[in-house]
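Enquirer: Per this note's numbering, the sequence shown starts with residue 410, numbered consecutively.
Warning: the hint list may mix true and false statements.
To be verified - With a straight-line cut-off of 25 angstroms between C-alpha atoms, the simulated DMTMM-like cross-links for lysine to aspartate or glutamate are:
#, residue 1, residue 2
1, 480, 437
2, 516, 565
3, 450, 556
4, 480, 520
5, 516, 528
6, 480, 500
7, 450, 471
8, 450, 559
It should be emphasised that the hints constitute simulated quantities derived from the structure, not laboratory data.
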Amino acid sequence: MSLSLAGLSVLLGLGMAVAPVWQLRDPEGWRRWSGLFPRSKPIGYLLMALATAWFLWNVRNETLADFSAYKPYLLLGFAAIGVLTCVYVSDLLAARGLALVLLLLAKLLVDTARWHPSEWRWVIAGLAYAWIVAGIWFTISPWRMRDLLEWLSATDGRIRRAAFGQLGLALLLVILGLTVFPIR
Numbered sequence: 410m411s412l413s414l415a416g417l418s419v420l421l422g423l424g425m426a427v428a429p430v431w432q433l434r435d436p437e438g439w440r441r442w443s444g445l446f447p448r449s450k451p452i453g454y455l456l457m458a459l460a461t462a463w464f465l466w467n468v469r470n471e472t473l474a475d476f477s478a479y480k481p482y483l484l485l486g487f488a489a490i491g492v493l494t495c496v497y498v499s500d501l502l503a504a505r506g507l508a509l510v511l512l513l514l515a516k517l518l519v520d521t522a523r524w525h526p527s528e529w530r531w532v533i534a535g536l537a538y539a540w541i542v543a544g545i546w547f548t549i550s551p552w553r554m555r556d557l558l559e560w561l562s563a564t565d566g567r568i569r570r571a572a573f574g575q576l577g578l579a580l581l582l583v584i585l586g587l588t589v590f591p592i593r
């Protein structure tokens, strides 16, 4: 199954609009949730399971012949790392899990946008590279996500400004998906 850049852009835009709508409708609820999110074990387990399964799927579908003999061992090892991370590195697990999902989403974005002829593909690629930087940063120092969410949620004004910025990007992605990246 392959996702077109148009479909990916629209899905991404719609998905990215969920949090800012919540932020604008209920800033106090968002503030409470974002304060609890980085240390949430249930969300952390869910995000780690998603990231581990997605990464294993990527490894399983990798076609590099150099790794074919080692693929079963790699799959077993990476599955074990995913489980053991939940057991032994469970502090700020949701932040780590989200960081891994951002890295995997970035791979999907870059792979999908790579060969599109429009120069607007760089919007998707730029977002992907921003997520790569954030994913690496939050993986090695997940408390930074906690600190960032705390800072962004400190006042209603910051929440609103961040929400409008996210909504602007989400709208741009939907417009690009519907107009510039037509489904062929």
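Enquirer: Please verify whether residue 516 and residue 528 have alpha carbons no more than 25 angstroms apart.
Expert: holds, 19 angstroms
Enquirer: Decide if the proposed pair is consistent with the structure: residue 516 and residue 565, CA atoms, cutoff 25 angstroms inclusive.
Expert: violated, 33 angstroms
Enquirer: Against the 25 angstroms threshold, does the CA-CA distance of residue 450 and residue 556 hold or violate the hint?
Expert: holds, 18 angstroms
Enquirer: Is the straight-line distance between the alpha-carbon of residue 480 and that of residue 520 25 angstroms or less?
Expert: Given pair residue 480, residue 520 holds - Cα atoms ~22 angstroms apart, limit 25 angstroms.
Enquirer: Given the hint that residue 450 pairs with residue 471, test it: the Cα-Cα distance must not exceed 25 angstroms.
Expert: Violated. Residue 450 to residue 471 sits at ~31 angstroms, over the 25 angstroms cutoff.
Enquirer: For a C-alpha distance cap of 25 angstroms, please report whether residue 450 and residue 559 respect it.
Expert: This hinted pair holds, its Cα atoms lying about 18 angstroms apart.
Enquirer: Taking 25 angstroms as the top limit, are the C-alpha atoms of residue 480 and residue 437 close enough?
Expert: Not OK: residue 480 and residue 437 at ~47 angstroms, beyond 25 angstroms, violated.
Enquirer: Assess, step by step, whether the Cα of residue 480 is no farther than 25 angstroms from the Cα of residue 500, and give holds or violated.
Expert: violated, 30 angstroms
Checked against the numbered hints listed earlier, the structure breaks hints 1, 2, 6, 7; every other hint is satisfied.
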